[in-house]
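> Protein sequence lines, in the order shown, are assigned to chains A and B.
Going letter by letter, the first sequence gives residues 1 to 165 in this note's numbering.
Going letter by letter, the second sequence gives residues 166 to 953 in this note's numbering.
These aren't lab readings, by the way, just hints derived from the structure by calculation.
Fair warning: there could be bad hints in the mix.
Unchecked claim - Cβ pair distances, simulated, as ranges:
1) B/343 - A/130: 35 to 43 Å
2) B/797 - A/72: 36 to 44 Å
3) B/395 - A/76: 48 to 56 Å
4) A/18 - B/711: 53 to 61 Å
5) B/606 - A/90: 49 to 57 Å
6) B/627 - A/72: 48 to 56 Å
7) A/8 - B/345: 39 to 47 Å
8) A/90 - B/599: 50 to 58 Å
9) B/345 - A/90: 50 to 58 Å
10) A/76 - B/606: 52 to 60 Å
11) B/185 - A/6: 30 to 38 Å
What the hints assert, rightly or not - Chain A residues, not near chain B, derived (Cβ > 10 Å throughout):
12) 16
13) 18
14) 19
15) 20
16) 61
17) 63
18) 69
19) 126
20) 158
It should be emphasised that the depicted structure is a prediction, and the values quoted were computed from it without experimental measurement.
Built from N, CA and C at the ideal position, the CB exists for glycine as well.
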Amino acid sequence: MTTSTTTHTIDLTVNGIPRQVTVEPRTLLADTLRTQLRLTGTHLGCEHGVCGACTVLVDGEPARSCLLFTVSLVGRSVETVESLEEPGGRLNPLQQSFQDHHGLQCGFCTPGILMSLTALLRDEPHPDEGRVRDQVQGHICRCTGYQQLVDAALAVSDEDAEVAP
Amino acid sequence: MIGQSTKRREDLRLLRGRGQYVDDLDLPGVASMAVVRSTQPHARILGIDTAEAAAAPGVVGVFTAADLAEINQPWPVHLSNAALRPNEQRTLPVDKVRYVGELVAVVVAETRYQAEDACELVAVDYEPLPGSGHLSVSRDLPVPIHEDLGDNVAAHAVQTTGDVDAALAGAPRVLRETFSINRGGGHSMEGRAVAARYDRALGQFLVWDATQVPHQARALMAELYGVPQDRVRVIAPPDVGGGFGPKAGKYPEEILVPWLAKLLDRPVKFVEDRYEHFVSCTQEHLQLHRVEVAYDDDGMLLGLRDVFEHDTGAYASSLIVPLIAGTTVPGPYRIPALHIEFTSWFTNKVPSSAVRGAGRPQGVFVMERVMDRIADDLGLDPAEVRARNLIPADAFPYPVGLTFRDGSPLTYDSGNYPGLLEKGMAEIDYAGQRERQAQRRREGALRGIGVSVAVEGVGLGPFEGATVRMESTGRVTVVLGAPPQGQGFETTYAQICADALGVDQDTVDVVTGDTGTIAYGVGTFASRVMATAGPATAAGAREVRDKLFRSVAAVLEASPEDLEIRDGAVAVRGTDVAMPLAQAARMSNVGAPGVTMPAGTVAGLTATAYFNPASAGYSSSVQICVVEVDAETGEVEIVDWVVGHDCGTVINPLLVEGQVLGGVAHGLSNALYEESLYTDEGVPVTTSFLDYPIPSARELPRIRLYDQQTPSPLNPLGVKGAGEAGTLGVPAVIVSAVEDALRPHGVRIDTCPLSPGLLGDLISDAQTDAQNEARTEARTDTAATAGI
Ligand code: FES
Ligand code: FES
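Here chain A stands alone, though its shape is the one from the complex:
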């Protein structure tokens, strides 16, 4: 049977706001966010769990929303890129650093990378280059070669962070 018609109504928190969504068992979190909640900042680059473009935070941990069924998120808290900006739409320090260092080009991979780095910087405010590269290694960026986005993260980490020659 390829179609499922049963639906479930579930409650979850998205970017701090309680939301109720009605979904099929097979509906992926990425699709719920993008289609039902119109949070289109979360992107789909592969839909098979490799590229990291769809990364959001679930209860504070990076997770691939293309691999998560929405029904599994009852009562959980989801954060997406739309939650990062500061009041008045100003960029937060990580976002600002991405702009300063030209850490993005087409911007398609960027929301996922920002979410992974957000999780890292919350746990470890001063990661070194190795930690930053490890944290974003689950993301594919075809545009930048990563160097400028790694520099962006390092600048937030610590102005004196060691940059390997």
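Please build the complex by placing chain B with the ligands on the supplied structure of chain A, with the hints as guidance.
Showing chain B with the ligands alone in chain A's frame:
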């Protein structure tokens, strides 16, 4: 302003998740199109049964060639070339499929989930034919892929200059080598995407298309629909998630979505997923080069013959890639006699077309392998052999003697290749690196140093245009035909316009890629936009400035020469007499209805300029890379890497650095990681990122950039192109470095990409050979002592 590392304004929306990519557009009532794709490399279509799919939940319609005959005529040839044999392509194949992934039928449904479900219910009855997954198989395929052609040759072309036969016959030294290089897909992180609605009031198709070439897409749609071009408006949204070449192609889905939107009277969209990108988005395939090189005892080149085969996939709409590959071979070197010849083969693979580099990485790879082999043969340093053969800085314009893919003579406009190489050698401390290499070798490490020098045809014609307008708000609008896919056009063209017009760049807005806003355009590809749209923008801005000054001068009773733009107003220099820009614009653009304009004022503060360069320009790059190879695992570790690039005048250094770094990453991925693999019959075996790795931040090393700016004489800004620059020298420099590292093992590398598996095999083969040799020698020695 020009030359300033202005931060990108695009980032403010992209970083906040507020980009508007095609799949993000809010189109009420939109239905999703999903595609039934061929599962066969080569087969006749005997029948398609859509009944079950049509009855599936949510399905709005199922369409095959039989249902859409009205728009299913053969596509016009994209770029005709006498050497290219006509091969018919239609939106929907009528009688046979020619590659796995070819579009066979489509389903439109309420949701994408439902559309994909229903695709599985479409039953296609195939009669399989033998298929070809390699150009060598195509030679003898019993049923040709395009049967009317009689065989699988797509094109054959030869270009020569000088007498290569004589050079080869008379040269002190001749090398004969065979090199193969396979590249892969574009893999923009956003796949292809197109959405459309039909506006009945306007009688117009409104199409949002993540394309690099909106005006070309409009032309094809209008032709196939049989409507005038202004009945189709194609908008490449400002946010497109990367292009890299494949999005400059034309695809059946682009034709179907707008047409179905009209037929179904509701918006329709198609968004390619990654599997579809692997099997249905154009990519580059194998090239096999057989090279003969004549040179003297000092390593000076006397002549070169390169006869190569190119895999073009199932259809060929142009010869772009092999033409560029062949004409890139001579590169930065003086070669008195050249013979470049290629045969392009149809195979049962997704059609081949340009991917960042578009044949250039292949050409550079071939020439740079040759330079390394000459160095090896003569016991010279590889950098020295290159330096000896470089075209001197005072030899420009330099005619190579061939014709480039733009149809104009392959004549390098400007450059300083020796300067760029010397700078790179100083940057990496080449002599010091050779000493450290010797030291590391003594310690048992396999360390190598590679060098590559490349010349890159950029800024291709025919033209690009820009409209510049002073708005009644006092802000300025620049309208470009060419769309960005991450390059930052909104920022760089504001810089160019502000510079020429004399206003603050923050008051300039840039609109791109909408056929409804500028009549003509060609598109974003071949590192061409800066050298065409850049000068057009500057010319438009200067014309608006001229009109503005004449107009304001008339009212202020001043001379235009005495005016300047200051604080958002046109002011008389040295006085506080001024007219705000907004007022000047209202005067010229709105006026008072029915009232004559003041004498001397100009109506319409707007100008549209097109720029058509006399020929392509030529950027250049040097890469020097130090690697260490792990003999056990075949892993390549990058120790240091400098990349120097000369793209003429630089508008925004920060953004050019980004282009070069991203290009290098793509090149490294081509050199060591990604490779599209097919069975001999043409079944693709790499169809997800699980079996087709693209390097992450863990694999990508830190790259050191340096630059040199040799302005181009071909346009008033002196600009060239930078988009592909980083990529083209990378396969060459990595293989050069790895071969150098493995020199103690006597390993020769003639092929790229170099997977760890392949490298491991090369090393163990070399070790086995060495052991066998040692054993043979030992036996001979024993035999000798035994007196045999
Ligand atoms: S889209 Fe989820 S990992 Fe690629
Ligand atoms: S910025 Fe384009 S994929 Fe990362």
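> To test your reading of the hints: which numbers does this structure violate?
Structure breaks hint 7 only.
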